[in-house]
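Guided by the hints, dock chains P, G and B with the ligands onto chain V, whose structure is given.
Residue numbers (the numbering used here), protein chains in the order written: chain V, 22 to 331; chain P, 22 to 331; chain G, 170 to 449; chain B, 170 to 449.
The set of hints was computed from the structure by calculation and includes no laboratory data. Remember, it's a predicted structure, so these values are computed and weren't measured experimentally.
Here are the computed lysine to aspartate or glutamate pairs in the EDC-like style, where the Cα-Cα straight-line distance is at most 20 Å: (1) V:Lys-257 <-> V:Asp-68; (2) P:Lys-256 <-> B:Asp-251; (3) V:Lys-256 <-> V:Glu-70; (4) V:Lys-256 <-> G:Asp-251; (5) V:Lys-165 <-> V:Glu-314; (6) V:Lys-257 <-> G:Asp-254; (7) P:Lys-257 <-> P:Asp-68; (8) P:Lys-165 <-> P:Glu-307; (9) P:Lys-257 <-> B:Asp-254; (10) P:Lys-165 <-> G:Asp-356; (11) V:Lys-257 <-> V:Glu-69; (12) P:Lys-257 <-> B:Glu-260; (13) P:Lys-256 <-> P:Glu-76; (14) V:Lys-165 <-> V:Asp-95; (15) G:Lys-434 <-> P:Asp-96; (16) P:Lys-257 <-> B:Asp-251; (17) V:Lys-165 <-> B:Asp-356.
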Amino acid sequence: MATDHELRLRERLARLRNLNLLGGARVSGELEKLQRQLERIQAAPTDEEIWRSVELARHQDRPYTLDYVNRLFDDWVELHGDRGRADDHALVIGLGRFNGRTVAVVGNQKGRDIKERTDRNFGMAYPEGYRKAMRLMELADLHKFPLVSLIDIPGAYPGVAAEQHGQGGQIARSQALMSRLQVPIVCCVIGEGGSGGAIATAVADRVLMQEHAIYTVISPEGCAAILWRDAAQAKKAAAAFKPDALHCLELGVIDGIVPEPEGGAHTNPDEAARLLGESLRESLEELESIAPEDLKRRRRAKFRSLGVYA
Amino acid sequence: MATDHELRLRERLARLRNLNLLGGARVSGELEKLQRQLERIQAAPTDEEIWRSVELARHQDRPYTLDYVNRLFDDWVELHGDRGRADDHALVIGLGRFNGRTVAVVGNQKGRDIKERTDRNFGMAYPEGYRKAMRLMELADLHKFPLVSLIDIPGAYPGVAAEQHGQGGQIARSQALMSRLQVPIVCCVIGEGGSGGAIATAVADRVLMQEHAIYTVISPEGCAAILWRDAAQAKKAAAAFKPDALHCLELGVIDGIVPEPEGGAHTNPDEAARLLGESLRESLEELESIAPEDLKRRRRAKFRSLGVYA
Amino acid sequence: MTSRIDVSIEHRNVPEPPGKHPNTCPSCSSHYRDDELEAALWVCPHCGHHFTMRARARIASLADEGTFVEEAADLRSEDPLDFFDLRPYTERLAEAEMKTGLGEAMLIGQGIIDGNPAELAVMDFAFMGGSMGSVVGEKFSRACDSAAQRGVPLVSVTASGGARMQEGILSLMQLPKTVCAVEDLHDTGQPMISVMSHPTTAGVLASFASLGDVIVAEPGALLAFTGPRVVQQTTREKLPDDFGLAEQNLRFGHIDAIVPRPELKAYVAQLLRLFSRSGD
Amino acid sequence: MTSRIDVSIEHRNVPEPPGKHPNTCPSCSSHYRDDELEAALWVCPHCGHHFTMRARARIASLADEGTFVEEAADLRSEDPLDFFDLRPYTERLAEAEMKTGLGEAMLIGQGIIDGNPAELAVMDFAFMGGSMGSVVGEKFSRACDSAAQRGVPLVSVTASGGARMQEGILSLMQLPKTVCAVEDLHDTGQPMISVMSHPTTAGVLASFASLGDVIVAEPGALLAFTGPRVVQQTTREKLPDDFGLAEQNLRFGHIDAIVPRPELKAYVAQLLRLFSRSGD
Ligand SMILES: [Zn+2]
Ligand SMILES: [Zn+2]
Chain V
22 MATDHELRLR ERLARLRNLN LLGGARVSGE LEKLQRQLER IQAAPTDEEI
72 WRSVELARHQ DRPYTLDYVN RLFDDWVELH GDRGRADDHA LVIGLGRFNG
122 RTVAVVGNQK GRDIKERTDR NFGMAYPEGY RKAMRLMELA DLHKFPLVSL
172 IDIPGAYPGV AAEQHGQGGQ IARSQALMSR LQVPIVCCVI GEGGSGGAIA
222 TAVADRVLMQ EHAIYTVISP EGCAAILWRD AAQAKKAAAA FKPDALHCLE
272 LGVIDGIVPE PEGGAHTNPD EAARLLGESL RESLEELESI APEDLKRRRR
322 AKFRSLGVYA
Chain P
22 MATDHELRLR ERLARLRNLN LLGGARVSGE LEKLQRQLER IQAAPTDEEI
72 WRSVELARHQ DRPYTLDYVN RLFDDWVELH GDRGRADDHA LVIGLGRFNG
122 RTVAVVGNQK GRDIKERTDR NFGMAYPEGY RKAMRLMELA DLHKFPLVSL
172 IDIPGAYPGV AAEQHGQGGQ IARSQALMSR LQVPIVCCVI GEGGSGGAIA
222 TAVADRVLMQ EHAIYTVISP EGCAAILWRD AAQAKKAAAA FKPDALHCLE
272 LGVIDGIVPE PEGGAHTNPD EAARLLGESL RESLEELESI APEDLKRRRR
322 AKFRSLGVYA
Chain G
170 MTSRIDVSIE HRNVPEPPGK HPNTCPSCSS HYRDDELEAA LWVCPHCGHH
220 FTMRARARIA SLADEGTFVE EAADLRSEDP LDFFDLRPYT ERLAEAEMKT
270 GLGEAMLIGQ GIIDGNPAEL AVMDFAFMGG SMGSVVGEKF SRACDSAAQR
320 GVPLVSVTAS GGARMQEGIL SLMQLPKTVC AVEDLHDTGQ PMISVMSHPT
370 TAGVLASFAS LGDVIVAEPG ALLAFTGPRV VQQTTREKLP DDFGLAEQNL
420 RFGHIDAIVP RPELKAYVAQ LLRLFSRSGD
Chain B
170 MTSRIDVSIE HRNVPEPPGK HPNTCPSCSS HYRDDELEAA LWVCPHCGHH
220 FTMRARARIA SLADEGTFVE EAADLRSEDP LDFFDLRPYT ERLAEAEMKT
270 GLGEAMLIGQ GIIDGNPAEL AVMDFAFMGG SMGSVVGEKF SRACDSAAQR
320 GVPLVSVTAS GGARMQEGIL SLMQLPKTVC AVEDLHDTGQ PMISVMSHPT
370 TAGVLASFAS LGDVIVAEPG ALLAFTGPRV VQQTTREKLP DDFGLAEQNL
420 RFGHIDAIVP RPELKAYVAQ LLRLFSRSGD
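So that you can see chain V by itself, here it is in the shape it has in the complex:
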C-alpha cells in the first residue's frame, strides 16, 4: 500500500539519513549542528506530506504505547492508580527492564476496539491520569530509574469533570515535577502529541518524535475552527502550523527523529519497535553519565531556551 506520496517521503528521508541525522536513529543533542544540517535540506515538507503525517499519526492500526512496551521491556509490570481517586486507563505506567537496567515508563494509551476506546477515553487522560504519571515519576526519582515517556494523546480532555478535577493545575504540576527530577528522562511522540495533554509528560532531557508523529498546540480541526471558522479547513491549518517532525526538529522543539518502517509504523510494528528501541537506548546512554543535578539544570535550561523572538 505504499503510495506515490509515501515513496517520495521515503526518498527524502533516505536523504536525511545520509546526512547522518537519522542514521540508525542517531540522535544529536547539539541543536546548532542539527540546524546546520537542516539548512542543507532544500525541500521542506509539502502541505500534502504534512497532512499525510497527520493521517499516519492517527492511523487506527498505528502501534500504541503497550504495543511498544510489550516488545521493548522485559519483566514488565504495569502499575495502577493515582493513589488517590482513580486508575485512569488513558495512561499506563509501569516498570520494565531495558538495555539491562530498570526503567520507569509512562505512556498515553488509546484503545483498539469500541469498548477499549471508551475505557481508555480515546487516549485522553483525566486529571487523575496526570496524577498517576506523577506518582510514577516520584517512584522513578526515589529509586533512580530513568524515565521513558511515550506520548500519544489527541489532547487534554474537554469535559466537565476534567475541569472540576483541576486539569489545568495538574498539567502544570506534572511539568513542574518533571523539571525537578534528577533521573534521565527520554520522551518520544509516537502518534499524536496533542497540546497540554502531551506536554504534561514531555518535559524530557531528550525529546524524540517518530517520523510520522505530529506535535501540536491544538488539533488541526480546532485551529481551523477558530482561525478559519471552519473545522473542515484542518488540512490548511496543519500546513500553516506545521506539526510534522522535521519542522519540530528545525524549530529546536525536539532533539531527534525516530525512523519508521516503510509506509508507517503500523505496517511493521516489530520493526517500528526495534527502531524506537534503538533511539531510546542511544538517548539513555548519552544521558547516563551526566550528574543528576546537572541533568535537572540542563533540562530546564533547554526548555527555557525555546521560542523565537527579536
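Below, chains P, G and B with the ligands alone, put in the same frame as chain V:
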C-alpha cells in the same frame, strides 16, 4: 461553675507547676527528666478526672482552631483547597505572623452551630482535607516557615466516600510527609485528638496537649462498643485507656502540657490563647537553632522510640 | 480512519458577548464612560461585575505610584512559521500593537506594592486575546530571573485565552518554559503570587499561573483549561451554571481565595509581607 | 454536650462470620481438611476464595525453603496501661500466644524469595486480630533497619483489624513510628513491597502498609480504614457491594495490582528483580 472536681484538678496542676513541669507552660524536651519528675507525683488522675477531661475536650464552647488563630496570629491569611478536588472545611490552613516571623498553620476545625457543624463535618476531615494539609506542609518546607498544627478531631470520618477517596493512604502519606519536613513543627492537641485523623497532622518535633485535651486511639464509645460490647460503658473505657494529658506525658507520647484557665479553656478563651501562645513560642524558640537535617532526623528518632515492650 | 472525538481544546474565550459596547456591563447592562470605570478600577459600581482590566491600568492599581520600571519592553514576536490564516501573523501583530499600544500580551518589570518590592508580570487580554507566544514566555521567564536576582517575590496577573496558535508548537513550548522558570525561582526561595483575572484559560492555566504559592482569583473570572463552549460542543454535557468560574474553582480546591479588585492590592501586600524573609 | 456522630473508627473486621467452621469456605460453603487447604495455599480449590493465611504458612509460601531467619522473636508486649476490660490485657496476650504459637501478631526476618534476598515482615490475624501494639511497631521498625543495613528490599504482608486498643495511645503512636521507619528505609534507596491480605484495615492501612513503593492486594481482601459495619452503623449509607474490597481499591487507584496467592511469589520476585540495584 468551678466544681469540687475542678478545684482538685487545679490543685494537682498547681503542684505540677511547682515541679517546673508546666510552669508558664514550660516545655521540656528531655523525656527522662520529665519522667523522673512524674515519678514524684503520687496521685494519678482518677477515673472521674479522666472523664471530666473527655467532657471538657468535647465541650461545645471550647475554643476551636480559628478561635486561637484569631487571637495568636497577625496578618492571618487563610488558604484554601487541596489543589485537586475540594476545599475541606473540616481543616483550615493558612499563614500568619507569630512572634515576629511567619508560620504556617494547619488545624482541625469544628463548627459552632448546626449549619457550620455540617459544613465542617463535625471537624472530621475527608481525605481531601489531609491533602490540603499536605499542600500547606510543602509550602512551609519550600519557604522555611515553621509549622504549627492544632489537633481537634473526633476521628477520621467513617463514610463511604472517605474510603473510596483513600482515607487510609492519605493519613499514611501525610505522616510520611511530616517525617520529611526540614522545618520546625509544633503540634498541640487542643480538644479531641482522635485516632488516625489526629495523627495525620501530629508528627511534630514538639507535641503538646492542653490540660483537658484527650488523645485517643479510638473514641471511648468505640472502645466500649468493641471491648464491652456496650457503647454506654465509655467512661469505663476511658478510665482503662487513659487518654488524658498527664498519662500521655507519662508515656512519653507528648512533650508538654499547656495549662488551661480555671475551669477549662472555654471559661476564658483569651487566657487559654495566651497560655497556648506561650507554649508555642517556647517550643518554636527551642527548635529554631536546630539544623534542618537534624530536625528531621531527631523527629523520626523520637517517634521511632515510642512504645513499651520487653 | 474512524470517527473521533474532536479535541480542539485550546480556544480563546471571549470575555464579553460581541456587539455590545465594551463599557456596557454584561451583568446589569449599566453603561459607563471610560473615566467612570477607570476611577472604579473597572468594576461596575452598580453590580460589582469585574471588567477585563488593561495591563497598564492593572499595574497602576497594584504598584505604588511611580515605582514601576518596565523590563524587556523591546521584545517582539517573530513569525517562525510564516503563519498565514486569513491574514498573515505579522499583520495581526502589527495591528495588535497599534490597537493596544503594547509590544506584546505581557508587561514585566520591577515595582513596589504597598512598600514591598516585587517583580510584576501582567498580561493584557486586548493584545491578541492574551495568547501566549514566544515573547510572553520569554518575558515571564525573565521576570522570574529578575525576581530571583533581586531576591523579591513575583506577582503575576494573568488574562489569557491560551496559546498563540500562530506560533504553532513553539507556543506549546512556552508551557514548560514558564514552568521551568517558576521552578528556578522557587529554588532561590522566592514565592510567586498568582492573580488570575478573567479569563485565565488553556496554556496559561496549565503552566505558570497554576504554580503560584498562593493563587488568588477575581470574582466571576473564567478559569478553565477548556472553556464552556468547547466542552459543551464536544461532550454535549449540560454544564453547571458556574462552570469554570472562580467560584467553582474555589469550591473544588484549585485556588486559595477570591478577592474583589478594590481589596487586591492590600491582599497581595499582606502576602508579600508574610513571605518576606526578613520577618518584618 | 450536644449529640454527636459516633466516631468509633478503629474496629476489628472479623474475616469470617462467627459460628462456621474455619475451614468452611464462606463463599461457596465447600469444606476442607487442614492439609487440603495447606496444599492449596489456603485458597478454596472450588471457588478461589482466599482464606486468611497464618504468618508461618505465608512465609513458607514466599521464602525459598530454609532461607527464612527470624529476627526479634523474643519481643513481648508489656501492659503499660494496666489495661482491664472484661479481662486483663496480660491474660489476653498469654492466651493469644498459647493459641497461635506466636509471641506477637507480626513475624520478621531475613529471607530469600526466588533467589532475591529480602527482609520479610508478615502479620498474623490469629494473634489478637492482627492488632498493632508496641511490639508490632517495634518489629516492623527493626525489619526496616535490617533491610537498610543489609541493602535489601522489605516485603511486608499485612493482616490486621487495626490498633491494639489495650495499649491505648501507644498503639496510635505505632502509626508514625512505622511510617518513620519506612522513610528511613527509603532514604537508603531500598523499596518496600506491600502485600495487603484480608483484612488490612485502620491503623495498619493508615501507616506503613500504604507506603509500599508497589502495593499488591489479594483478591477479595478488605482494605479499608473503617470497615463496612461501622460505616453503615454511623452514616446509615447504603454501601456498594464491593465496599472496601481490593477490587474497589484498585478501581479507585489506591493499589497497583490484585494478585492471586498462587502467583504471588513469582510476582514479588519479579518486582524484587526490577528494584535491585545491580541491574541483574
Ligand atoms: Zn454591572
Ligand atoms: Zn469456595
